[in-house]
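> Given next are the chains, with one letter for each unit.
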Amino acid sequence: MNEIVSLTLHELGQRLRARELSAEEAARAYLARIAETEGKVHAYLSVLEKEALEAARAADRRLKAGENGSPLLGVPVAVKDLLCMEGTRTTCGSRILGGFTAPYDATAVALLKKAGAVILGKLNMDEFAMGSSTERSAFGPTRNPWNLEATPGGSSGGSAAAVAARSAAATLGSDTGGSIRQPAACCGVVGMKPTYGRVSRYGLIAFASSLDQIGPFARTVRDCAIVLAAVSGHDPRDSTSADEPVPGYAEDLDAGVKGMRIGIPREYFVEGTDPEVEAAVRAAIRVMEGLGARAEEVSLPHTEYALPVYYILAPAEASSNLARYDGVRYGLREEGESEYGPLFGMYAASREAGFGEEVKRRIMLGTYALSSGYYDAYYTKAQRVRTLVSRDFQAAFRKADVILSATAPTAAFRLGERMADPLSMYLSDILTIPCNLAGLPGISVPCGLTSARLPIGLQIVGRPFGEREVLRAAAAFEGATAHHRALPPL
Amino acid sequence: MAISRQDVLHVSRLARLELSEAEVEKFTAQLGGILDYISKLNELDTRDVPPTSHALEITNVFRKDEVTDSPIGNMEGMAPSFFKGHFRVPKVIE
Numbered sequence: 001m002n003e004i005v006s007l008t009l010h011e012l013g014q015r016l017r018a019r020e021l022s023a024e025e026a027a028r029a030y031l032a033r034i035a036e037t038e039g040k041v042h043a044y045l046s047v048l049e050k051e052a053l054e055a056a057r058a059a060d061r062r063l064k065a066g067e068n069g070s071p072l073l074g075v076p077v078a079v080k081d082l083l084c085m086e087g088t089r090t091t092c093g094s095r096i097l098g099g100f101t102a103p104y105d106a107t108a109v110a111l112l113k114k115a116g117a118v119i120l121g122k123l124n125m126d127e128f129a130m131g132s133s134t135e136r137s138a139f140g141p142t143r144n145p146w147n148l149e150a151t152p153g154g155s156s157g158g159s160a161a162a163v164a165a166r167s168a169a170a171t172l173g174s175d176t177g178g179s180i181r182q183p184a185a186c187c188g189v190v191g192m193k194p195t196y197g198r199v200s201r202y203g204l205i206a207f208a209s210s211l212d213q214i215g216p217f218a219r220t221v222r223d224c225a226i227v228l229a230a231v232s233g234h235d236p237r238d239s240t241s242a243d244e245p246v247p248g249y250a251e252d253l254d255a256g257v258k259g260m261r262i263g264i265p266r267e268y269f270v271e272g273t274d275p276e277v278e279a280a281v282r283a284a285i286r287v288m289e290g291l292g293a294r295a296e297e298v299s300l301p302h303t304e305y306a307l308p309v310y311y312i313l314a315p316a317e318a319s320s321n322l323a324r325y326d327g328v329r330y331g332l333r334e335e336g337e338s339e340y341g342p343l344f345g346m347y348a349a350s351r352e353a354g355f356g357e358e359v360k361r362r363i364m365l366g367t368y369a370l371s372s373g374y375y376d377a378y379y380t381k382a383q384r385v386r387t388l389v390s391r392d393f394q395a396a397f398r399k400a401d402v403i404l405s406a407t408a409p410t411a412a413f414r415l416g417e418r419m420a421d422p423l424s425m426y427l428s429d430i431l432t433i434p435c436n437l438a439g440l441p442g443i444s445v446p447c448g449l450t451s452a453r454l455p456i457g458l459q460i461v462g463r464p465f466g467e468r469e470v471l472r473a474a475a476a477f478e479g480a481t482a483h484h485r486a487l488p489p490l
Numbered sequence: 001m002a003i004s005r006q007d008v009l010h011v012s013r014l015a016r017l018e019l020s021e022a023e024v025e026k027f028t029a030q031l032g033g034i035l036d037y038i039s040k041l042n043e044l045d046t047r048d049v050p051p052t053s054h055a056l057e058i059t060n061v062f063r064k065d066e067v068t069d070s071p072i073g074n075m076e077g078m079a080p081s082f083f084k085g086h087f088r089v090p091k092v093i094e
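Residue numbers (this note's numbering), protein chains in the order written: chain A, 1 to 490; chain B, 1 to 94.
Accuracy of the hints is not assured; some may be wrong.
[What the hints assert, rightly or not] Pairwise CB distance ranges (calculated): (1) A:258 - B:63: 40 to 50 Å; (2) A:374 - B:49: 40 to 50 Å; (3) A:14 - B:62: 41 to 51 Å.
Calculated from the structure, these hints are not laboratory results.
Only a predicted model underlies this, so the values are computations on that prediction, with no experimental measurement involved.
Glycine included, every Cβ here is placed at the ideal spot set by N, Cα and C.
Make the full structure from the sequences, and use the hints.
What follows is the structure, given as structure tokens:
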């Protein structure tokens with residue numbers, strides 16, 4: 001591994017601004033690293049060599065002119081392949097968009113470009129972000145850089161694996177039920193889902209619109225804060241985007257946690273939690289106490305209902321969002337015959353050929369839950385229980401400033417292990433889903449390795465728009481431990 | 001909760017999915033299992049709990065009624081079949 005790709009994003013940015021290194025050299029170092037690792041990891045669905053080198057040369061011109069205000073200027077990054085980037089293939093991990101070229105930039109992508117970041121490529125994912133292992137990609141799985149027989153988690157497995165493999169300095173992913181935090185935990189990197197509405201979803205291919213949120217992956221909490229600050233903010237093009245000021249997320253990371261109240265939900269040491277994961281989380285709590293935080297048990301009594309709520313709401317919203325893939329305006333079209341005529345036949349044949357099994361399963365589940373006679377029993381019921389899950393957090397945050405737990409009950413599982421049983425796959429997200437239902441910010445930071453040398457993630461959740469507290473707590477933990485420095489054997 | 005083969009076929013038509021025979025069988029079993037799991041919500045009395053449709057309390061986001069440029073310049077380039085400014089689909093009327 002060359003020296004440039006081993007620098008953190010923050011260090012690389014400093015070198016670029018000091019002009020000890022050019023953006024083009026940095027981009028070439030990362031492109032070489034991609035060539036070296038992709039055969040094993042398959043984190044990328046497309047590598048944009050030409051565009052990246054052009055962007056790097058443009059960043060060099062800005063650096064040469066003395067510009068030094070942006071911490072991302074000239075820094076090589078990559079984005080999950082559900083973010084539209086003008087002129088590039090944007091597949092969402094699906095055959096139905098296999099030939100789709102995005103006609104415009106997602107706001108998050110436009111903000112990265114404006115900050116001078118160099119976008120290296122588009123990252124692999126479970127089809128339409130439905131999955132927890134990246135095995136549901138129509139273009140083949142991504143492998144975990146820590147163990148090539150293990151999954152990287154998902155759905156943003158490519159985004160997590162690229163950071164772990166040092167084939168991007170930082171990446172963007174999306175999190176609907178844990179799709180940033182769970183793969184970050186599996187790959188031993190930092191990943192953050194911000195408060196719902198913090199980052200514009202304009203140009204993000206929709207899965208479940210009341211839950212989807214874009215967020216960063218990086219090697220350190222500081223790097224994560226830098227990327228989050230760059231992509232956050234109100235966007236008139238996304239009516240669900242929050243009109244809240246963006247604080248300097250990287251500014252008070254070192255303020256410490258003295259006196260911070262840390263809630264430990266008693267319901268989060270769920271059945272099926274790996275004892276090694278539990279031990280790592282208990283050790284992390286002691287580290288935080290050693291830094292002056294006060295740990296206190298809290299209760300989130302509706303935790304066990306969060307997963308069933310999610311598996312009504314997310315598929316219902318998905319079945320509606322994915323109705324747009326009809327073979328008419330863009331995406332795959334297949335001709336077909338049907339007893340309802342050739343137009344119906346075309347819709348059905350296009351969707352049958354374009355969607356993979358998990359996507360069809362969720363469309364079926366969502367359509368059923370929304371269908372006549374079942375709407376109140378399923379969808380409205382789930383929305384009511386969603387309120388109870390949110391109220392649990394509101395009560396807990398009267399006693400605690402942040403909430404700490406494992407990110408996932410186990411470390412990364414083997415490729416193929418959970419493919420046959422959809423429910424076992426869904427259970428990977430049992431500790432991350434509640435946070436999406438309540439719209440809260442959450443981060444996963446590395447907190448140790450299992451005896452099989454697979455990473456374990458610590459989840460820290462905050463109040464709405466409490467990203468600063470979450471980042472500060474995560475930075476304090478990271479500063480007191482060396483877990484984030486462990487490198488995969490790649 | 002049991003879900004029948006007829007239910008699966010009905011829902012697949014609503015969703016405009018043309019499932020293979022193998023998928024119909026598989027989904028009949030799996031959707032039943034998932035719906036069983038989901039029925040756990042019936043343990044809770046939620047009569048007095050309002051539904052949450054959105055995590056943030058944002059209502060009525062307005063903008064000025066002004067025409068702006070479409071971000072999509074080349075619809076024709078994206079369409080599977082395009083004819084004189086229209087998306088072309090299979091014939092639906094005789």
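> Would you mind marking each hint as holding or not holding in the structure?
Against the structure, the hints:
Residue 258 of chain A and residue 63 of chain B have their C-beta atoms about 45 Å apart, which keeps the hinted 40 to 50 Å range intact. Taking 40 to 50 Å as the suggested C-beta distance range, the pair residue 374 of chain A and residue 49 of chain B does not conform, at roughly 19 Å. The supplied range of 41 to 51 Å is met by residue 14 of chain A and residue 62 of chain B, whose beta-carbon atoms lie about 43 Å from each other.
When held up to the earlier numbered hints, the structure conflicts with hint 2 and nothing else.
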